[in-house]
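From first to last, the protein sequence lines are chains H and P. End of the first sequence = 285 in the UniProt record's numbering, gap-free, step of one. End of the second sequence = 285 in the UniProt record's numbering, gap-free, step of one.
None of these hints come from the bench; they were simulated from the model. Fair warning: there could be bad hints in the mix.
With a Cα cut of at most 20 Å, we get these calculated PhoX-like pairs of lysine-lysine [said to hold, decoys possible]: (1) Lys276/P x Lys206/H; (2) Lys206/P x Lys276/H; (3) Lys135/P x Lys276/H.
Stretch-level coverage of chain P by chain H, calculated; a stretch enters the list once three of its residues show a Cβ under 8 Å from a Cβ in chain H [unchecked claim]: (4) 89-98; (5) 166-174; (6) 214-227.
Glycine included, C-beta positions come from ideal geometry on N, C-alpha and C.
Here is how the chains run, residue by residue.
Number of protein chains: 2
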Amino acid sequence: MKDSPSEFRPARVAILGVGLLGGSVARAIRQSVPSVHVVGIVRCADKGQQWVDSGVVDAVTESIEQACGNVDVVVIATPVDTVAEKVIAVAKASNPDCLITDVGSTKRTIVKAVSQCPEAVAKFVAAHPIAGSEKTGAEHATADLFVGKVVVLTPSEQTPADLLERAEQFWRLTGGRIVTLSPQDHDTHLASVSHVPHLASSAVAKLVCEQSADLVGSGWTDITRVAAGDPAMWLAICQENRTAIEEQLRRLAGSIEEVRQWMHSRDDESLLRWLKEAKTIRDSF
Amino acid sequence: MKDSPSEFRPARVAILGVGLLGGSVARAIRQSVPSVHVVGIVRCADKGQQWVDSGVVDAVTESIEQACGNVDVVVIATPVDTVAEKVIAVAKASNPDCLITDVGSTKRTIVKAVSQCPEAVAKFVAAHPIAGSEKTGAEHATADLFVGKVVVLTPSEQTPADLLERAEQFWRLTGGRIVTLSPQDHDTHLASVSHVPHLASSAVAKLVCEQSADLVGSGWTDITRVAAGDPAMWLAICQENRTAIEEQLRRLAGSIEEVRQWMHSRDDESLLRWLKEAKTIRDSF
Chain H
1 MKDSPSEFRP
11 ARVAILGVGL
21 LGGSVARAIR
31 QSVPSVHVVG
41 IVRCADKGQQ
51 WVDSGVVDAV
61 TESIEQACGN
71 VDVVVIATPV
81 DTVAEKVIAV
91 AKASNPDCLI
101 TDVGSTKRTI
111 VKAVSQCPEA
121 VAKFVAAHPI
131 AGSEKTGAEH
141 ATADLFVGKV
151 VVLTPSEQTP
161 ADLLERAEQF
171 WRLTGGRIVT
181 LSPQDHDTHL
191 ASVSHVPHLA
201 SSAVAKLVCE
211 QSADLVGSGW
221 TDITRVAAGD
231 PAMWLAICQE
241 NRTAIEEQLR
251 RLAGSIEEVR
261 QWMHSRDDES
271 LLRWLKEAKT
281 IRDSF
Chain P
1 MKDSPSEFRP
11 ARVAILGVGL
21 LGGSVARAIR
31 QSVPSVHVVG
41 IVRCADKGQQ
51 WVDSGVVDAV
61 TESIEQACGN
71 VDVVVIATPV
81 DTVAEKVIAV
91 AKASNPDCLI
101 TDVGSTKRTI
111 VKAVSQCPEA
121 VAKFVAAHPI
131 AGSEKTGAEH
141 ATADLFVGKV
151 VVLTPSEQTP
161 ADLLERAEQF
171 WRLTGGRIVT
181 LSPQDHDTHL
191 ASVSHVPHLA
201 SSAVAKLVCE
211 QSADLVGSGW
221 TDITRVAAGD
231 PAMWLAICQE
241 NRTAIEEQLR
251 RLAGSIEEVR
261 QWMHSRDDES
271 LLRWLKEAKT
281 IRDSF
């Protein structure tokens, strides 16, 4: 009996890259589809065995070919600058009706690179679950990381409609809420609500000095939390979304310079209005 | 029997302004000195009665004169731009060995204004407990708000040594850790770790637009939390600490502009080094 579209229950899933996100997808799918078999594709099977022992995945392998020959879904959960090449490698190693998806925080560059390979276009639906943490590693993976969180799917014009539907169903199995955007819109919006806020957090962290370190309060701790994230991962995000990030950095610097000028000219009316606008926005969340 | 300096246990305390901070001082002192009588000085005694009913203070009054005639300590917990005038009013209404302290987030302007009044200089030790929340109001006050938190005392050169010692002992009763700084150093450091981070948080909140609102994640939520704070309170802080804030805003804008230029010129090495430096700083907290 063939699964009807509304009952997509993958029998076999491969996760390429068993970290916080890959591990959490594995745990979430194993929870919602108890019969599923999840194999982790890792760089070192000996080290990866710990993720079998701790119940993140059912098995691990170092081989894309071995893992992807007979799976329904492959999730690429590697750094954004490596996703496109992995998608293409998996597309060549997997069966014709395999769904390939990813978890990358940038989408335009990935979708564009994949578009050069028809085999991959026929199997790939780019995804970005808006969930994560400054923590890294599958030891922090949880089955509920995506519950109630937005998962953005960014199909291209070439993405088959039934494949997109399967991707939506797959990601719903993790508890996510599906939002569909163009890769370009995704990257523009994420620059403004994630990538540039991250850089602002790092910039704020760098304002501290030895003498002021004892004086930080809970506000500073909140603002700078994400600055503890993996620098290499954030560099890759910046590289992949350069134009949109540069534009939003310009907006942010302009905003801060505007405030500085109000401070200098004692334009308290403008400053108060600006603080109120920011509060109204924040209160709406 | 006169209290020895190491056993300062106030019998009567007045709190001018029963909000989050004033209410938390009241609750903390009542917990550590069960025999104490705490009176709240409020704008409207009928409305203030709720703070008696909910156990924040023992009594309320609208009159500074009535409250301060026979108390050991008066805590000024009003917006920073009103602290100095309240200190002077309380100094005139209180007995000669009364300690007056405050909770304001800025210190230089307050200490300078108070220095014009010898009666107030003899009684006032400026304080800033580094604790708080984006929440306001005594309904959120807790006895443990200051436990383990830094309380900065900023005496002037005129502050009597025994008065400073009494202030240290009073603030220790709240569970705070005492740090002593000059008013100027306090304001410079706080601009870099609190005031400008707050403005950065508001600026980040304002990057969001209607289309991107659905895409915010936990990083954005953390970074922008303090932007929900009271705009009038933060305007007053900006007014009181204008020079230091303007200087730190210039540093922050310069840092963001530097990152933008690295993005533009693809200087990934500099960007990665900068991200690593920020992570090292954040990880040390």
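Against the structure, the hints come out as follows:
no. : hint                : in the structure
1   : Lys276/P x Lys206/H : 11 Å, holds
2   : Lys206/P x Lys276/H : 11 Å, holds
3   : Lys135/P x Lys276/H : 15 Å, holds
4   : 89-98               : violated (count 0)
5   : 166-174             : violated (count 0)
6   : 214-227             : holds (count 14)
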